[in-house]
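K.L.:
One letter stands for each residue in the lines below.
2 protein chains.
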Amino acid sequence: MTRPLPVDQALALVLQATPVLPAEEVPSAESLGRVLQQEVRAGHDYPEFDKALMDGYAVAAAELKETPRLLRVLEEIPAGRDPAGLRRLEPGTASRIMTGAPIPPGADAVLIIEETEEVPGEPGSIRVRGTVRPGENLARRGADVPRGEVLLAPGDFIGPGEIGVLAACGRTRVRVGGRPRLAVLATGDELVDPGQDPGPGRIRNSNGPMLAALARRAGAEAGPAGIVRDDEAALRAAIERGLEGDALVLSGGVSMGRYDLVAQALRAAGVEILFDRVAIKPGRPFTFGRRGPALVFGCPGNPASAYVIFQIFARAALRKMIGFRDPAARPLRGTLRNPLRQRPGRAGYHQAVVRWDGSRYAVEILPTSGSADFVSCARGNALAILPAETASLDAGETVDVILLDDDADR
Amino acid sequence: MTRPLPVDQALALVLQATPVLPAEEVPSAESLGRVLQQEVRAGHDYPEFDKALMDGYAVAAAELKETPRLLRVLEEIPAGRDPAGLRRLEPGTASRIMTGAPIPPGADAVLIIEETEEVPGEPGSIRVRGTVRPGENLARRGADVPRGEVLLAPGDFIGPGEIGVLAACGRTRVRVGGRPRLAVLATGDELVDPGQDPGPGRIRNSNGPMLAALARRAGAEAGPAGIVRDDEAALRAAIERGLEGDALVLSGGVSMGRYDLVAQALRAAGVEILFDRVAIKPGRPFTFGRRGPALVFGCPGNPASAYVIFQIFARAALRKMIGFRDPAARPLRGTLRNPLRQRPGRAGYHQAVVRWDGSRYAVEILPTSGSADFVSCARGNALAILPAETASLDAGETVDVILLDDDADR
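Residue numbers (the numbering used here), protein chains in the order written: chain A, 3 to 412; chain H, 3 to 412.
Quick caveat, the hints were computed from the structure, so don't treat them as lab data. Think of the CB as a built atom: it goes at the ideal place given N, C-alpha and C, for glycine as much as any other residue. Heads up, a few of these hints could be off.
Facing chain A, a subset of chain H residues (Cβ under 7 Å, in silico) [to be verified]:
| no. | residue |
| --- | --- |
| 1 | P21 |
| 2 | P162 |
| 3 | V194 |
| 4 | D375 |
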């Protein structure tokens, strides 16, 4: 067993051991939430033609220095018209034009319809009341984006805006970061499936579903969370199956008990253990290893410990695999609403509710019964971090917080 | 056409018109990301029995006032043992116990294994070096959660922590808010599908995929984004199909042009228009209506306008349908890195990149070519809001920002 590593050193070792998965090509329509792994440049100017931004009349601005003025209407140009077929404006003429339609030759502005009126008895003419500046209410070719401009870059998260850009560029398929396949195994003779009555002395497996959910929120594919008995052969077989994916997350079996067969089974499977203790609370007996490119996260069996270890270490590794530029959680700073105490020596990761109070983040540390407290993981929306050497913070002091992505209300 | 409504009035009208969808029951394993619509109470005490929190020896603390002391080991208690079958400790005895195992009668503490040593020649005994306080390293029945305590409440977002609680409570099925079915229609003769070459005078439909992606990120089911020509019969038929769902989002066809048939087709379909102009930039010609419980969001055709209108109005409505307690986006406050100007009269929603700089949110307003700028929606991760009456803010001044959920890096 190693000396407990400081959190930042442990995280650096995890990220160093984590490969970026090969990119894959997917239909753009299915790329929402993935991470782009290619550059996307504008294939042409946007707009590709001088374009009306308002409904009105395409005019030569110089003709409207003195108003009111009568103009003869040449034609009506709806959006979608081929610019090559448009009639050139002559002196004393205008063309009716719709938003998005191409500007005809000879015009340099769009006069909005509200500045004109129909002429009784002359259906082919309009009376112009207002004036317009050259270039007003139109977009010149390339005004939004010139051809060749880099619009999206590798590492960009594909949200709705990026989906729009891909569509505008005609990219129906796109290269994105691979999606990690992750196996979750909860170990222990005391566990039963959530649908079963645990009976005396046993408990339901809540870690497995929780860890699988954490993995899915981080962008991974997680198989169904299985239970493995405290049996060397069963454990070994389950670990071998788990190592076929990109990551294996185990819960339980990593403390010092005689039945804690996990480390033993991992070593027997040829997993290189990089460390097995971290100076973190909760979560000290966190075991991290790898076999080839596959990573192993051996989380403690207590729910609060497993939750924190996943959020800080496994989530960062999965995000690196996917191709995020900044895989590790970045703390913000908030102001404590209640005091926080801990025994120095390990960095404390405290479940907290963080709310914006109008000018800053207010941090309320949740009461907890300890690392077996499975409810605080649901009640909190953030982790407040107390450095290992700090014994206490008072209400009103600032504290680092990591906002967790399972609170859609912020 | 109505007078432009202030944003808060328009949003209030939208939310007032929005129904909460009936809840539905789903397997808990598929409930991640949904909103809970039932209460979940602890069906029993957690833990349900006094439980060891460490590996070691179950002891009577009073026996260890003077150490070193020799104790005879009665039995070995692994996690999962039935508490009813455990042997009662007698004076001078201890039982080997594993993390998670039930505490035997007569014991009131767990002595960690590091405080003991084996006795050469006496395999059934241990020598105790340390002492232990009553209650140390064990959790009393009900210490985490007493039976009957409310663990989850209607309106809770189901994240990984909630998945763990549902599993621990044996809830394999759960009532969640309904998922809105949303139709997206992009209107305009100038539009072609993203996979097609637009040819002269036409453009690819980027709004449709972008709006469908926004809807999916907000928790709705969005059908494939269709294109409708500027043809009254086609529009009417498409609107009728869209109204079969919970919401219909249209882009384009809501300004003043002669081809803007959308409002006309909506009225013909029996849609009640609640307003058709909002004092917002971009996005003024936003038309909102309803027919029965189905809502209609008529967004302007410019990408930046459609994006802002969706983020501020449609997203809030979808979240209310789903059952979120707080459906509308809640602004935070940041500090401008560059100055911001606008013509007063409409509230300005400016695409921005917001980053935590170590002590506050730094807000960089993105340059834009106007409401047709489809790239700034991808480049930004937030909207900075300038009130309608404000003409400018300088660098260093504070500004309200809405963080958008498409930036997974924050």
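K.L.:
Interface hint check: H:P162, Cβ to nearest Cβ on chain A, cutoff 7 Å. Holds or violated?
P.N.:
H:P162 check passes; min Cβ-Cβ to chain A is 4 Å, inside 7 Å.
K.L.:
Is the interface hint for H:P21 satisfied, with its Cβ closer than 7 Å to some Cβ of chain A?
P.N.:
Hint violated; H:P21 Cβ to chain A Cβ min 20 Å, cut 7 Å.
K.L.:
Verify the interface restraint on H:D375: the C-beta must sit less than 7 Å from at least one C-beta of chain A.
P.N.:
5 Å, holds
K.L.:
Would you check whether H:V194 satisfies its interface hint, that is, whether its CB is within less than 7 Å of any CB in chain A?
P.N.:
9 Å, violated
Checked against the numbered hints listed earlier, the structure breaks hints 1 and 3; every other hint is satisfied.
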